[in-house]
Each structure stands twice: as structure tokens, then as C-alpha cells.
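Quick mapping for you: the protein sequence lines, in order, are chains A and B. Residue numbers for the first sequence, in full-length UniProt numbering: 1 to 133. Residue numbers for the second sequence, in full-length UniProt numbering: 1 to 499.
Calculated cross-link-like contacts (lysine-lysine; reagent style DSS-like; alpha-carbon spacing at most 25 Å):
#1 Lys369/B <-> Lys25/A
#2 Lys258/B <-> Lys421/B
#3 Lys25/A <-> Lys370/B
#4 Lys65/B <-> Lys135/B
#5 Lys230/B <-> Lys99/B
#6 Lys369/B <-> Lys135/B
Footprint (simulated), chain A over chain B, 3 or more residues, beta carbon under 8 Å:
#7 319–330
#8 337–351
#9 433–441
#10 466–476
Have a look at the derived ranges for each label pair, beta carbon to beta carbon:
#11 Ala89/A <-> Leu322/B: 32 to 40 Å
#12 Thr17/A <-> Ala456/B: 20 to 28 Å
#13 Leu322/B <-> Asn105/A: 47 to 55 Å
#14 Ile497/B <-> Thr35/A: 50 to 58 Å
#15 Ala456/B <-> Gly45/A: 27 to 35 Å
#16 Thr17/A <-> Gly312/B: 53 to 61 Å
#17 Thr35/A <-> Asp36/B: 22 to 30 Å
#18 Gln283/B <-> Gly45/A: 33 to 41 Å
#19 Lys25/A <-> His355/B: 19 to 27 Å
#20 Gln283/B <-> Ala88/A: 53 to 61 Å
Just so you know, the hints here were simulated from the structure itself, not pulled from any lab data. C-beta atoms are modelled at their ideal positions from N, C-alpha and C, and glycine is treated no differently.
Okay, here's what each chain looks like letter by letter:
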Amino acid sequence: MYATRVLRQAAAHAERTPLIRFIGKRSIPENVDHTPQPHPASPSGALPSSFGNGNSHASFSSYRDHAQQHGPLRKTIGAAGGIGAQSAAHLGPVEPPKGVYFDRNELPERFRRTPLTAAEIEAVETGGAALFG
Amino acid sequence: MEKGLRYRSRLILLFIILSYRPPLLIANQPGAEEKDLVIIGGGVAGYVAAIKAGQEGLKVTCIEKRGRLGGTCLNVGCIPSKSLLNNSHLYHQILHDSKPRGIEVGDVQLNLQAMMKAKDTSVTGLTKGIEYLFKKNGVEYIKGTGSFASEHEIKVQLNDGGETSVVGKNILIATGSESTPFPGLEFDEKRVVTSTGALSLEKVPEKLIVIGGGIIGLEMGSVWSRLGAKVTVVEFLDQIGGPGMDSQIAKEAQKVLKKQGIEFKLGTKVVSGENTGDNVKLQVDSAKGGKPESLEADVVLVAIGRRPYTAGLGLENIGLELDERGRVVIDSEYRTKASHIRCIGDCTFGPMLAHKAEEEAVAAVEYIKKGYGHVNYGVIPSVMYTYPEVAWVGQNEQELKSQNIPYKVGTFPFSANSRAKTNLDTEGFVKMIADPETDRLLGCHIIGPNAGEMIAEATLALEYGASTEDIARTCHAHPTLAEAFKEAAMATYSKAIHF
Chain A
1 MYATRVLRQA
11 AAHAERTPLI
21 RFIGKRSIPE
31 NVDHTPQPHP
41 ASPSGALPSS
51 FGNGNSHASF
61 SSYRDHAQQH
71 GPLRKTIGAA
81 GGIGAQSAAH
91 LGPVEPPKGV
101 YFDRNELPER
111 FRRTPLTAAE
121 IEAVETGGAA
131 LFG
Chain B
1 MEKGLRYRSR
11 LILLFIILSY
21 RPPLLIANQP
31 GAEEKDLVII
41 GGGVAGYVAA
51 IKAGQEGLKV
61 TCIEKRGRLG
71 GTCLNVGCIP
81 SKSLLNNSHL
91 YHQILHDSKP
101 RGIEVGDVQL
111 NLQAMMKAKD
121 TSVTGLTKGI
131 EYLFKKNGVE
141 YIKGTGSFAS
151 EHEIKVQLND
161 GGETSVVGKN
171 ILIATGSEST
181 PFPGLEFDEK
191 RVVTSTGALS
201 LEKVPEKLIV
211 IGGGIIGLEM
221 GSVWSRLGAK
231 VTVVEFLDQI
241 GGPGMDSQIA
251 KEAQKVLKKQ
261 GIEFKLGTKV
271 VSGENTGDNV
281 KLQVDSAKGG
291 KPESLEADVV
301 LVAIGRRPYT
311 AGLGLENIGL
321 ELDERGRVVI
331 DSEYRTKASH
341 IRCIGDCTFG
351 PMLAHKAEEE
361 AVAAVEYIKK
371 GYGHVNYGVI
381 PSVMYTYPEV
391 AWVGQNEQEL
401 KSQNIPYKVG
411 TFPFSANSRA
421 KTNLDTEGFV
431 KMIADPETDR
441 LLGCHIIGPN
451 AGEMIAEATL
461 ALEYGASTED
471 IARTCHAHPT
481 LAEAFKEAAM
491 ATYSKAIHF
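The shape of chain B in the complex, shown without the other chains:
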């Protein structure tokens, strides 16, 4: 009996051993919660995607290494530059444009520190606002540097020290871009600066050279020119404004900015540069060769463009491909070749614009949640916030010409607009381009007061396939600058009334 019991107990033990199954690990890390979406980057693309994902009921984590949300745009781009552009414009206007308006002003002083503080207040308010929106929409926010440990796991070096990792069903790369360096000129952000340094100069430079006559260069050049710097813009191409700006508008913008005191050297390449510590010396030459010249400045702003930023992301760990310009290769649904990893914003295809990134953020989350999203890459507006502003959407004349697409043009000058007249602000015009047969709007280009706001109407019209007659037959309030927009539409399909 005793022997029988001993056998039975050993037998039971044997059955237990034979029937043992190890517990199955669900995620890569035992105990790690799997998120529906992990976003690397808390810039405009990343934070908008995070909020949208929260609204759609996804469990979402956003990883940002700057320690502040909003990315380049909010911290060192669109937002601080608009603060400086607006306030430097007011200063310039008080100095030079108050007498004709019947305003006698006494001694006007620039307090650069206070102007910078106003800029910082705007930035802080907006970045804190995003943190609030994260909380409101249930977004987990990790301050740290994320990199791929595997296709589903992101390792995060926390800003406060230590390390953690996050596992996601879906992962969104939204790491943005950085200023392209100029070979031979090292950024010290004091004398050789990127747009970031140009937003925080400690004093107004006597001479400022801007390498690159694109939007960023012209905006920052305008700020320091208004505050008293002698600004020279060196541009390799024969036209300012960068890609997309209509040639006629670019010429007008150059004329107006020149009148404001900015000097232009177009068709000119910078051969070499040297930062002596006291100043910066540049050797420039005609783009076609043969006219060498030396330039000197207290500060040189390098604004030759931006490049995608994916360094340290560990893309090589998961075999994701970059194209020859460092952009993450994606398909039409923002998927990389690993279909659960998507990429949006500056680090992939398309123009490097904050509003394009926002559109993509919403679309990418909709693709994840609903399987359907929408971004119309043919209708993305561009705005240059100089004074006057320049804005455009759709195709320009030179693009249509090069593709042999027939078109008709209508323009209307602000000098014939009643509101612009009362504002004593009449520089610029509205230009519309339409299909000669169907009258469908193909593009709209504006230089003038409030162009950046006015372009929204053209964007809506273009998105919905409106004709210029549709715009012209829509009632516009009087007296408004928007009447110039309506009259340009009238000029395109028929004739303007007031010009």
C-alpha cells in the first residue's frame, strides 16, 4: 500500500512535468503594455497625430526629445519668427510710416531684450497649450530620445536619465528636419547662424549676409533689416522666393524689399567662407563664373534649405530605406516597407511645411483607424510673411508654360482696392490663373497686405474645383482687401470693375 502511494505521488509529479507549458509572452517585454500607436517626434506632425489618435480612441504615446512639444515650428521656426516679424514691422512702421498717418511720435527706442521676451512668451504659451491638449485627449507624453530596438519596440533614453521602452502595434516616425549646413562654414549660432540662431541674436548686427533667398532667409533678413541691420541676400538662382513662387510675384517682392533697404546678389554663389571670430568673410562669384568678390559681415545666416532629420533613430536596426536626400521612403498611405511603421512631415516626401505635416498627421491616423485618409498635394498653400506678404497655391505661370498647359491670367492691384487705399497700404496685386476653356482655377498668387490670410479662399476654391466665375459671383464684403481677390477673379473670366 505504502509502495503504491509512493508510485502514485511520483506518477502525479511526472504528469505535472509532462503537461507543463511555458507562459506565452504577448509583447517583446514581459509586462510592457502594447500601445495602439507610438509616435516618435512631438513636432507639428507628431503632436497633431497624437491628439487625433487620442480623439479616435487609440492608446497613444508620443516621444519628444526637445523637452518641449511643438517641434521646430513652435520653438524655433514659424511661431517665434512671426512674433519677431510682427513686432519688428510695428517698430519699423512707427519709425518710418507714422507721419503720413497723422501720428507724431517722439523718441522711439528698440528694446531687443523685451522683443525677444515677447517672442518667448508666445512660444511658451503655445507649447504649454499642446501639453494641455495631450492630457485632455489621453496622450502619454515621454520626454526622451526614441530609437528602434525592433520593428515594434522603441527604446527611449529619458531626458531625466534612465531608459524605458515602448511597444506599439503601429509606429509613426515624425522626426522633422534640420538646417542644411554650408560646407566650410561651421555653425556657432553667434556669427554663423541657422534660422534658430537668427531668432535669438543678442544685438542687432551692423551687417548681416543671408545665404539663400528663400522664404526663411527673406523673413529673417526682413526682421533684422527693420531693426537696423544692413542686409545683403546672396542667392544662387536668378530669382528670390524659392521653388513655387511665381516669377512675376518674385520680381515684385524683390522690388518692394529692395525699397525697404535689403540688397540682393542674385545668380551668385558663395565659394568659401571664414569665421574670424570678429566677423565672417565670404568669397562669392557669379553663378556662371567670372565675377569674384569679397563680402564681410558681423553675422551670416545660412538659409540654403532644410534636410530630413532621422539621425539616431536606429532605422538601420529595422532595415528602413532612405532616398538619396535622406527622406524616409513611404507609399501613398504613409507606410514604410514595414507596413505598421508610417512616416509623415519633413522627414519624408513633399514640401517641408507645418500645415502639410498637420494634414498628413490627420490622414495617417485616419488610415490606421478607418483605412481612409485625404491630403491633396496639389493644393497646399505657401506663405512668405515679409511685408507685404506673399502667398500662393496651385500652379504658377512658369510651371504651366513648361508643361505646355494653356491658361489665362487675371490680375488686380491693391492700389485699386478701397480698403488698401484707406490703410495707405497699396503695394502688390492678386494674380489668378485659370483654364481658358473650363475657367477652372489652376493657381492663385498674391503679393500684398494680408496675402497669407487671403490665400485660404483660393485654397478652398482650388480644392473644390471652382471656376474664377464662381469666385467672382460670390459676394465679398465692402470695403475689404478680399474684394481685390474677387476682382482678380472677375478680371480672369471677364473684366474687373475697379481697374
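If we strip away everything but chain A, and leave its shape as in the complex, we get:
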């Protein structure tokens, strides 16, 4: 038994080395380059210019077309509902319809804000100290 083991060890170098190898437990490489690279099955083997350095937009206006802030900021000319989608003539008259006002100050006086008095203004500016002066 022992002799066989010795013989086998001695012959180990003479044995062929398999091409297939045990590569060990798989682990995620520490540094992975996430820069966009062409897909291995892409027929062109290249990415469009819009895939650049992690920045998906070629210009600020392109970025703004896709940006999100409390909903899309997109206002593409020509798209339904966007600014510039319709000519001014199609938007109707500039004057507000009857009963609609653009500003509170156009309403009858009783609906307007009460003007601040000089004493109130002073009180605000002094942090309330003027009230006790």
C-alpha cells in the first residue's frame, strides 16, 4: 500500500496535467470597472456616443429633457402638452376668462391682503423689540 503511494507520488510529475482546473470558490472582484463597454453579443461591437463615461446625456438640454424633479421636467417641443408644442395663436387670448384673475390684487378690495402698517414693519425688522420700546 505504502509502496504504491510512493510510486504514484514519484510518477506524479510524469502524469498529464488536465487543462480543466479547480478555480476555487467564486468571489466578486474588488475592483470592477463599470464604465459602459460594448455588449459581447453586439453586432457592431461599439456603443453609441450617448453611452459615455456613465453620463447618458450628450448635452445639458438632453439631460433636462430626461431629468426628474417632483415628476418629469421633460418639455420636448412638439410633444403633446410641452412648452412650445403649440403656437401662441392656438393658446387663445391673453386676457383671463370672465371671473378669473391672474393676481389677488386684481380682486375687489375686500379680498386683498391687509397692508402692513409702519409699526408692524418696524416690529418685524426689530424682531419684535419695537413693540416694547
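Based on the hints, put chain B in the right spot on chain A.
Okay, now just chain B, sitting in the frame of chain A:
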């Protein structure tokens, strides 16, 4: 004093007004929960990604408009066709291959409705199984049609009526593909059919013409040929099997299928077609021109390929690009140019195969969760489930020749394999291609019984860079069909024992 109090109360009111800040909306929709991943499409790519994402602890929603999970593969593709292929093969074998095996069979009848029901039972069982897996892995499933409202918000028209929307940090497009139509022939799924219609014909057609000699065409042609139809396959190229099939294997497959009764018209183009209502008339010509001919059939199956399906997805709303063949353009991590939107499966690059989509699904979720994924596009097996089956992985001889890559070949026929002999099932062979210097396996091509299962061994060997000697020195059980695989490896690096 009273005046002082009045001033103070108005002052406080003023401070309150000045210090007011409107509440910040986190998502596009007030109150909408933001998901880690929203998947559009519940086919093989989408549902596998959804389950994997659930397993990785992501909050995930999957939107599917068919009303059943599994996509083309489970509902109208791989799975129902395998049911019909298996059962039609049994029927054909009982009719034509039972006597030599010592089995005397009486009157054999085809009950097509029952065969279709068996197919539907398989499909229903599997699709319900995915719904169970969704529940098990905490995947939210929405039945409806999803489209991009913005880069993070998907609007969904629910199948049961109404509308909802889902907001996702990451979005995965997995909308699959559809049959490519043939110009001038409109699909009615009765006489001019796609592969979907070919899975549900109400009766066996007397004559069936298959336009396209690729895998789908040959599989469905085999089903109806076995059930009694006179099948003619019209193929534009000079070889059947579609891209990737080794020429030597394709010739052998054509020989075997011809013996089974399928007629082939290779190098032939269909010029025009007309559906008269009673039958379909086709005008065909030699691909090189000059041999016009008229063909008639009860049913024409158009199987000229599939094209990506992204209609109605609203990609134009977010400016995503498609290439000239309608595929979503992605990078090596499946990202579109909007990096939180990824795309996998049939609607993007690579072969349109369910197992490729599954691999991509796992990799895409791993990229999202761990930043690292793996799919080896050089080692994706292909299988044609005709009888005998054809399967291959890696490079074929004509590809290596065209790239001037040196190679050596070893083959082993099933006629010399003991198990194939006992099964009276000896058609076909195993062919291995290896690097002449290093002996590393470059490709494996099999035509024969159980080729679709056997190719898994070649795929594993190829993935791990094995030499044909590595395969040949691995013990294979006797008597098995897999011994033919081992012997082909022996024939490649040295000599086969039994041939």
C-alpha cells in the same frame, strides 16, 4: 396692551408664513412606493429576474400583459411544442416502429383534442408554478400593459380595467419577441399561421408548407408530419437548421428527416402568396432565380425568424435607442444609455433562446445587487428537438474555416454505441472540434438520441476550458449514450475504442 397683543399675534402669523416650507415629494407620485426593481415582461427573462431579485432581498414588481407568466416559451413556444413533439413521436413510433421491437399493436387512433389537452395541462401546471414562486419570493405581480411615463415611472393599463403606475429605482425591459411576418401573407392563425397557430391546429392538415427551415419550422413540421400531414419545407439558404448548425450535421439531419417523409426545397425563395380561404397558394423560385413553381397547401407555417417586441413600451418617451433590427441597445452590463434601465432576453442582442435569457436575468440582477455578473456568450448551447435531436455548443467547422483557425475533428457514430444498439436507435453521431495544439475543446455537435441532454456535458467542458483528453479520461457509465460522447473525445485526441 390690547394693541400690543394684536401686533404680537399678527407677528407670529407672519413668522409662520415666512418659515413655511412645502413638503418635499420623494417619488414622482405622492404616496407611491418606490420599488428597487420594476420588470416589464413576465417571460423567461422577466420572471427569472423577478425571482432572483426577490431572493436577493430587492423589492420587486413584475408587469405582464398576457395574464399568464412564462412568456412565449412557456405559453406558445418551447414548452407546448415539446409536449406535441414528444406525444407525436410516441404516436409515430407506435404506428411505425413497434413490430421490430416485438410489440403487436391493434388499431391505433389519433385523438388530436386529447393531445392538445395534454399540452395545455403541461403549460398550465408550469405557469401556475411560477405564480407560486413569485409568492414564495415576495414578487409583486401586476397583470397589465406597462409603458414608460418617465425614466422612473411605469404606467400600467390593468387587464381588469383601470390604470396604475409603479415607480422603480431600477427598471428591466424584458418584453421578448414576436414572429416575423412574411410580406404579402397575413397571419389568420388558421391557414397562414405563426408557430403559435401551428401549436393549436384544429385538425391535421393534408398538406403543410413550412416557410423557413430553421429550428422552429423543422420542429413543427416534424409534429404534423408524424401526425399524417404531407410537409414541405421551403428554405432560402442551401442548408437547413439555421445559423450555428454545423454543415455536416445539417446534411445528416436533412437526410434523416427526408427519410421520415418531410420534403425539402432548399435554395428556394417564396416570391408571393395568396390565402384563398380554402387553401394557400405560393409562388416560389430558385434563390438564384429561374425556376418558378407554384405550391399549394391547406396550411402555411411562416417560420422565417422572430423580431424584438417593444411596441407600446413608450421607449420614445424616454429617448431609448433601438438598432436597425429593433433591438434595444445595451452595454456589457445590460444598461441602456439611461443606466438604471436595463434590457435582457429576446428584445436585445444575442441569440433568441430561453436559456440565454435566463442567464442574463440572473446576471442583470447580480449587476444591480452586487455589481458583478457572468454570461459567457461563447458557450450557449442550441438544441433542435426533432427526432433524432440535434444539439451543439461552441464553434462549428465552417466558422473556424472562415476565420482560418486551425482545428482537429473527432467523431463517433451512435451505430457503434451499445445503448443506442439496444434501443434500436442508432442514427446520428457525435462530432468534436478541438485546438490541434492544446487539445482544448472548441465546439461539439451532436445529432442523435438524447443529444439535447448530452450537450450539457460539452457545455460544461467548454465553459471550464477542458481538453478532449480531459473528457476522454473521465469515466462514463456503461452502457449509456454518453459513452458515444466520451468516445468522440477519444477519437479527437487519439483513437476511439469501439469504432
